[in-house]
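Chains as they are written, first to last, in my numbering: chain A, 3 to 319; chain B, 24 to 464; chain C, 2 to 298.
Please keep in mind that the hints were generated in silico from the structure rather than gathered at the bench. Beta carbons are placed, not taken as given, at the ideal position from N, Cα and C, and that holds for glycine. Accuracy of the hints is not assured; some may be wrong.
Quick list of the computed label-pair ranges, beta carbon to beta carbon [what the hints assert, rightly or not]: (1) A:Thr85 with C:Glu151: 32 to 40 Å; (2) A:Gly127 with C:Thr193: 43 to 51 Å; (3) A:Asp86 with B:Ala445: 16 to 24 Å; (4) A:Leu84 with B:Leu377: 50 to 58 Å; (5) C:Val129 with A:Pro231: 29 to 37 Å; (6) A:Gly76 with B:Pro308: 54 to 62 Å; (7) B:Ser323 with A:Glu72: 46 to 54 Å; (8) B:Glu389 with A:Asp169: 39 to 47 Å.
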Amino acid sequence: MTSLATTVTAGTAAVPAGRRRRRLAPYAYLAPAMVLFTLFLALPIGYALYLSFRTVKVSGLGLGKGARTEVWAGFDNYARALTDPAFVASVGRVVVYGLILVPTMLGLALLFALLLDARRTGAKGFSRVSIFLPYAVPAVIASLLWGFLYLPRVSPFYYVFDRLGWDVPDILSPGLVMFAIANIGLWGGVGFNMIVIYTALKAIPSELYEAARLDGASEVAIAWRIKVPVVMPSLILTFLFSMIATLQVFAEPMTLRPLTNTISSTWSPLMTVYRDAFTRDDIYSAAATSVVIAVATFALSFGFLRLVQRRAFAQEG
Amino acid sequence: MRLHTSLRLAAVVAATALLATACSSGGDDTSGDSTGSSGGKVELTFWTWAPGMEEVVDAWNAKNPDIHVTVNKQDGGDPAVTKLLTAIKAGSGAPDVFQTEYQKIPTLVSSDALADIADVLPDGTKDHFAAGTWEAVTLGSDAVYGVPQDSGPMELYYREDIFQQYGLQVPTTWEQYAQVAEQLHTADPTKYLGTFSATDAGWFTGLTQQAGASWWGIDGDAWSVDIDSEATNKVAQYWGDLVEKGVIDNKPMYTPEWNAALNDGTQAGWVSAIWAPGVLQGNAPDTAGKWKMAPMPQWSEGDDATGNWGGSASSVTTQSKHPKEAAEFIAWMNSDQEAVTILAQKGGLYPADLPGQAEALASPPEFFSNQPDFYTVAADIATTVQPFTYGPNVNVAYSAYNDEFGKATEAKQASAFLDAVAAMQKATVDDLTSSGFTVKD
Amino acid sequence: MTTTLTRPPVAVTHPGPTKERRQRPSTRATLVLLLGAAYCLLPVLWVVTASTKSAGELFTTFTLAPSTHLWENVQELSAYRGGLFWRWMANTALYAGVGALLSVAVSAMAGYGLAKYQFAGKRAIFNVILAGVLVPGVILAIPQYLLLAEVGLTNTYWSVLLPSIISPYGIYLSRIYAAASVPDDVLEAARTDGAGEWRTFSRIAVPMMVPGLVTVFLFQFVAIWNNFMLPYIMLGNDRLFPITVGLSGLLNQGASQPAMYTSVITGALLSIIPLAALFLTLQRYWQVDLAAGAVKA
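Construct the complete structure from the given sequences, taking the supplied hints into account.
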């Protein structure tokens with residue numbers, strides 16, 4: 003790095019050397035990131051890929067040294083992963099989960115952001131910090147807290163419902179547990195997405211809608227007709243990142259699981275991976291399932307990424 | 024701009040200082056590979072989660088300045104096993120000594136995680152323990168994979184005050200238990216005599232153990248799986264009926280809800296094991312003195328059997344560089360009177376060490392001050408634990424239990440309980456076969 | 002703000018003097034926002050009241066009724082195994098602080114390189130980096146452990162720090178900030194003046210990127226602070242645990258021990274406070290601009 007930092011006197015022979023350094027510079031700047039990426043992302047992924055084609059065979063009772071040997075398994079692990087009814091069910095479940103959570107979360111984030119950007123809203127500072135606060139809480143802790151709020155006997159909600167004489171169904175029952183888990187994701191994510199959208203809103207030059215205001219358009223109309231379309235790129239990106247995050251849901255169902263009968267050990271695809279790797283001590287199946295998940299997510303995002311590149315980096319040279 | 028620069032500068036300085044501390048303290052903390060040198064101090068690491076371990080270790084360290092043990096507290100149960108197995112696979116990172124729950128021993132041995140300490144164990148250690156308990160650490164072979172520490176014979180715990188309030192008799196058979204459950208629930212629909220927990224496979228295992236089940240078996244070079252046995256189905260049917268009738272609750276144990284229920288009496292009984300006083304003390308301290316312990320209800324009048332829930336041994340891992348010293352430590356910890364007394368009193372463990380039990384358990388637990396003969400009764404019960412063999416894929420069976428019985432308890436159908444047993448059998452056999460084991464029919 | 006001109010009599014969509022509308026806050030809008038705030042604050046409120054309860058009260062009293070045992074709970078938590086909780090806090094600060102700092106350095110350089118230069122393989126490299134966002138931590142944990150075990154680095158501070166430095170999302174954000182806040186002409190001017198690439202970067206570009214970089218730092222800080230899976234797998238020595246792993250251990254003591262709910266809840270409260278304070282003091286840096294520049298097109 004220091005070899006590039008030469009102070010050159012103006013003019014003369016500096017130009018060709020400088021241009022060469024300029025060509026090499028980006029690679030140098032990217033070097034640390036690429037090295038770390040290779041070490042901690044690419045290599046582990048490669049290793050997981052390798053493991054997905056292997057398995058372990060046992061001889062005899064399988065007790066003691068030498069009883070287990072690692073062998074080549076071909077596509078067996080993949081076949082088993084793709085036909086495993088638990089895995090397939092978990093994929094379906096998590097898609098539904100995503101469809102429930104992401105539009106709700108983004109809708110609310112957008113609403114809050116617009117309200118923060120509107121002229122006539124009060125208590126902006128307090129609300130902004132409050133809504134953002136859940137982002138500070140790790141998913142494991144958040145699920146524990148909400149667990150207390152969900153379990154009828156210790157929940158203040160059910161206490162109040164009881165006093166009011168309402169018969170509210172148990173939110174951890176089979177039909178509603180999806181919403182219980184989605185709610186935790188919503189609670190944790192809406193603040194961050196709100197900030198993202200709000201940042202984009204603040205960047206809109208006010209000339210764009212001052213004219214509309216002069217024409218007498220209402221704030222709602224301005225929001226809907228002008229602001230939202232203009233921040234659409236941010237919305238799309240947020241949608242993409244949120245979708246990826248929700249498809250990887252893991253901590254919330256894992257933490258809630260011991261509290262209720264209605265969450266199986268394979269509720270989400272990543273829980274299936276966890277079950278294979280840690281419960282069944284079968285890292286090979288886990289690796290295969292992970293590869294399937296990663297490939298599927300990548301395929302889904304590929305189109306989005308192409309769209310994003312063109313629109314998001316318009317101003318780069 | 025100036026503020027940012029100085030902020031960043033301060034951060035860098037702080038970080039460097041922290042890093043320096045990190046590097047130095049990282050070096051001090053042994054990472055599992057002992058730093059033993061010839062003639063120097065031997066350092067051992069001990070992964071455990073039971074309380075009271077530090078007091079025992081302190082006592083050992085005071086007596087043995089040349090063999091120093093450090094306790095690393097882990098998440099209880101499965102997570103610790105997973106970490107151990109990962110470390111074993113990786114070739115480094117495993118501790119010297121590990122707390123091995125009995126049902127995990129076959130799994131650990133089959134992953135080559137536990138060292139055979141038959142040669143380095145002090146003579147006479149074996150005689151401290153009951154035959155059945157010792158078998159759990161030898162798996163019927165000549166090798167010794169650990170030293171038993173504690174056990175968990177099961178009993179019935181009940182709220183004496185609530186029983187008196189509703190005029191209930193303490194059940195001695197399961198038939199009576201069902202009747203009492205119905206009596207209680209009819210008298211007060213908010214109260215239950217107990218709950219069927221789909222998250223506690225060990226509990227259910229103990230119940231079937233009492234009925235005579237043994238889910239795995241060894242036949243020469245092959246394993247056999249017998250979860251779907253008559254005994255298991257009998258137990259499943261029994262509890263399924265109770266849940267279907269609604270006289271027994273269907274919610275998991277060890278949840279905030281269950282804790283609240285222990286406190287306010289809506290759970291008036293608990294089929295549990297000898298370590299229950301510690302749990303009750305922690306979760307429902309205000310109910311001290313209101314509970315009583317009785318032998319588990321029997322399937323036939325006059326029978327004398329119980330199951331086992333929990334309990335562990337201490338084992339030396341295959342990565343330990345000092346198996347002899349480690350074996351010395353665990354033998355002392357689990358069979359020396361002083362150590363056993365500390366384990367019992369500070370850790371609330373029921374020691375498996377037969378000679379040491381009397382002195383270690385001289386007085387009843389604080390929580391059961393109303394039952395002075397608590398440990399006398401417990402000692403009798405402990406001799407009636409039925410045999411049970413664990414296989415190499417206990418986790419799979421337990422995970423299947425969680426999922427299948429979770430569905431069944433939610434559905435509140437007795438037939439679903441039987442389906443769950445069958446599903447457990449299938450999942451366990453399939454897993455063994457796909458791993459390459461020979462499974463006998 | 003701009004001044005309003007008197008409106009022509011034709012366009013009357015909303016009658017009423019503009020002056021009045023500008024001063025009086027809309028109750029509806031404020032109410033909606035406050036409802037959102039209440040929803041978000043509720044579990045926090047719960048944690049605050051629950052941590053004032055003793056173990057006996059936790060499951061016997063109305064959840065939102067506060068009690069007076071907060072100090073005792075904190076003391077009990079601090080006494081646990083000789084102050085281990087505070088060591089966990091220090092560990093977490095180390096992992097998050099140092100990790101985020103190093104991450105910002107790496108991300109800033111990578112983002113600047115991607116944003117301000119044209120070179121062969123740029124799109125490919127960026128796509129590959131971004132694909133890293135798609136790989137969940139659960140999948141990486143074990144292979145990362147196995148790889149680090151090869152060099153004997155597991156169960157050390159490095160085992161958690163090193164994998165935390167690389168952040169595809171951080172690089173993505175840095176690229177956007179570099180593009181948005183560092184004008185090309187300024188760079189050109191510096192180059193014509195004879196400054197070398199590194200000098201241009203460190204003396205000119207970085208100061209312009211600082212607001213964005215602070216955001217990247219905060220983002221990565223929170224991500225590492227809240228991370229559970231990575232330290233869980235990497236660390237066996239409980240003196241190296243961060244708070245997330247430590248607290249989960251208090252909950253999972255095995256069947257024969259009661260879960261230490263009171264300590265966990267108190268610990269959760271104490272762990273939220275530093276982050277909340279960080280949010281409050283560095284509010285103006287929370288400007289996550291995902292698509293900067295697209296607006297100005």
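A quick look at each hint next to the structure:
1. A:Thr85 with C:Glu151: 32 to 40 Å: Hint holds: Cβ distance 34 Å, inside 32 to 40 Å.
2. A:Gly127 with C:Thr193: 43 to 51 Å: 45 Å, holds
3. A:Asp86 with B:Ala445: 16 to 24 Å: 19 Å Cβ-Cβ, so the 16 to 24 Å window holds.
4. A:Leu84 with B:Leu377: 50 to 58 Å: 54 Å, holds
5. C:Val129 with A:Pro231: 29 to 37 Å: The hint (29 to 37 Å, Cβ to Cβ) holds, given that Val129 (chain C) and Pro231 (chain A) are roughly 32 Å apart.
6. A:Gly76 with B:Pro308: 54 to 62 Å: Cβ of Gly76 (chain A) to Cβ of Pro308 (chain B): about 58 Å, so the range 54 to 62 Å holds.
7. B:Ser323 with A:Glu72: 46 to 54 Å: 50 Å, holds
8. B:Glu389 with A:Asp169: 39 to 47 Å: 41 Å, holds
The structure is consistent with each of the numbered hints, conforming to all of them.
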